[in-house]
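J.: Make a model of the complete structure from these sequences and hints.
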Amino acid sequence: MNPDAPDPLSDLWALVTAFSADRSPVDFALILSHWPMFLQGLVNTLLLVAFGLAAGALVGLPMAVLRWHRTPVASQAVGAFVYVFRGTPLLVQAYLLYYGLAQFAAVRDSPLWIVLREPWWCCAVAFAINSAAYQVEIYRGGLDAVPKGEIEAATAIGMSPGMALRRLILPSALRRCLPMLGNESIFLLHGSAIASMLTVIDVLGAGRRLNAEYYLAFEGFLAATVIYMALVWIITRILARVERRTMRHLRALAS
Amino acid sequence: MADLWEYRWLLFVGTGRTIALGLSGLMLALVIGLATAAARIGGGRIADRLARGYTTFVRSVPDLCMMLLLFFGGQTLLNHVGHWTGWWDYLEINAFAAGALTIGVIFGAYMAESFRGAHASIPRGQFEAAAAFGMSRTQTFRQVTFPLLMGYALPSLGVNWMVLLKSTALVSVLGLQDLVYFATSAGRSSRNPFAFLVAVMVIYLLLTALSEWVLARLERRFTRGRTLR
Numbered sequence: 001m002n003p004d005a006p007d008p009l010s011d012l013w014a015l016v017t018a019f020s021a022d023r024s025p026v027d028f029a030l031i032l033s034h035w036p037m038f039l040q041g042l043v044n045t046l047l048l049v050a051f052g053l054a055a056g057a058l059v060g061l062p063m064a065v066l067r068w069h070r071t072p073v074a075s076q077a078v079g080a081f082v083y084v085f086r087g088t089p090l091l092v093q094a095y096l097l098y099y100g101l102a103q104f105a106a107v108r109d110s111p112l113w114i115v116l117r118e119p120w121w122c123c124a125v126a127f128a129i130n131s132a133a134y135q136v137e138i139y140r141g142g143l144d145a146v147p148k149g150e151i152e153a154a155t156a157i158g159m160s161p162g163m164a165l166r167r168l169i170l171p172s173a174l175r176r177c178l179p180m181l182g183n184e185s186i187f188l189l190h191g192s193a194i195a196s197m198l199t200v201i202d203v204l205g206a207g208r209r210l211n212a213e214y215y216l217a218f219e220g221f222l223a224a225t226v227i228y229m230a231l232v233w234i235i236t237r238i239l240a241r242v243e244r245r246t247m248r249h250l251r252a253l254a255s
Numbered sequence: 001m002a003d004l005w006e007y008r009w010l011l012f013v014g015t016g017r018t019i020a021l022g023l024s025g026l027m028l029a030l031v032i033g034l035a036t037a038a039a040r041i042g043g044g045r046i047a048d049r050l051a052r053g054y055t056t057f058v059r060s061v062p063d064l065c066m067m068l069l070l071f072f073g074g075q076t077l078l079n080h081v082g083h084w085t086g087w088w089d090y091l092e093i094n095a096f097a098a099g100a101l102t103i104g105v106i107f108g109a110y111m112a113e114s115f116r117g118a119h120a121s122i123p124r125g126q127f128e129a130a131a132a133f134g135m136s137r138t139q140t141f142r143q144v145t146f147p148l149l150m151g152y153a154l155p156s157l158g159v160n161w162m163v164l165l166k167s168t169a170l171v172s173v174l175g176l177q178d179l180v181y182f183a184t185s186a187g188r189s190s191r192n193p194f195a196f197l198v199a200v201m202v203i204y205l206l207l208t209a210l211s212e213w214v215l216a217r218l219e220r221r222f223t224r225g226r227t228l229r
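Keeping their order, the protein sequence lines are chains A and B. According to our numbering, the first sequence is numbered sequentially starting from 1. According to our numbering, the second sequence is numbered sequentially starting from 1.
Source of the hints: derived by calculation from the structure; they are not laboratory data. Small disclaimer: the values here were computed from a predicted structure and weren't measured. Beta carbons are placed, not taken as given, at the ideal position from N, Cα and C, and that holds for glycine. Certain hints may be false.
Unchecked claim - A few chain A residues that face chain B, going by a derived Cβ cut-off under 8 Å, partial list only:
#1 Y95
#2 F221
#3 L222
#4 M229
T.: Here is the structure:
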């Protein structure tokens, strides 16, 4: 390539560097030059949130069915679980897993230690438990909203309770839960910022590390804020589309 | 248990500080939320735009990130302004005030949405009746809109308060010595963090239960007139 040819990207970069050097109170060039760290943070944040949501759904859905079915003892146990993990800060739950459990020799000697000695996995497990507690309530709301007539109809055509649950009640309930699940995913994304308190390099963790390395006051937080905003914007867009698709059968034909 | 007893005063002070922080944050959030909702409902186009920008911005950023940005960014901004204008030399924001302020700014956005939703559910006839009586705008607000608004907004304000209360656990990053801060440091020095963190969880649960009770009473009070409808 001809070295004299104008390169729009490097021109832009020169502009950013010059602007950062003599006008702006914020060093944008420094932030941009550390993009690999922020990318790593983004990957960690997305993985943690995805794991928390998926594992939370896996645990939360059966619990919600128990609660909806009013299975004695199990239902009360689920209720207590939900109350405790929705009523306490996520940060404290993560601290309990990371700092709290590590003090017991029995935990350190058990195979659980492979998971619990890693701050990343402590966060992932804490997010899963916390999200499970919120998701139980979401699914239960959806299950309660299934019209009784639908369940009676399933029984009338001879479906067993298990089959009715699988083929009719759960699909109907889950569709109803979708908007709430969208809220929960954004809520968990927001909660995931506490991973940076357990030394994990998530989006905010990358910002904090940038600040620490260059003795900056807030530039890293600014970058993290922008990334979070973009993330939330993208997620809400995707959710709106998914919601439109799954609710298609309820939309008026003319629209 | 013995460790908890030894550090009981620390936990006590920490709990008091967390409650104080939560309540001051709540007051600020209610004021900011009400003002923002007013800007969106009755303000002009510019006020509406500003209010909408503020709520979307705050609600898309994690509270911890927002807290750090507002605290450290705000501090820098304040000192920049002081430096340029020469009005003050170096200011350091008090951690408690900054914590309460950031919580207020964050949850003000959520409260604004609650108030806006509640305002939309007040039957229009109420305003027409107020106008028919010849009430002024302030009179209408004080005697008709506000009491009704609180009734409709309370359930969602209550939910916001529960989230706000749990957000207070994050202020320890700003160096504020709250319940979580004391519990983690006592846990470290006694080498028993588990007991202290469980204690923190129990305290938060007690505060939640207490809030539920107070909210149920408030709700009964503010919806008293609704059965007559």
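J.: Restraint: M229 (chain A) near chain B, CB-CB cut 8 Å. Satisfied or not?
T.: With a minimum Cβ separation of about 5 Å from chain B (threshold 8 Å), the hint on M229 (chain A) holds.
J.: Would the stated hint for Y95 (chain A) survive a check requiring a Cβ distance to chain B of less than 8 Å?
T.: holds, 5 Å
J.: Do the numbers back the hint for L222 (chain A), that is, is its least Cβ distance to chain B under 8 Å?
T.: holds, 6 Å
J.: Restraint: F221 (chain A) near chain B, CB-CB cut 8 Å. Satisfied or not?
T.: Check passed: Cβ of F221 (chain A) comes within 4 Å of chain B, closer than 8 Å.
Comparing the model with each earlier hint shows no violations; every hint is respected.
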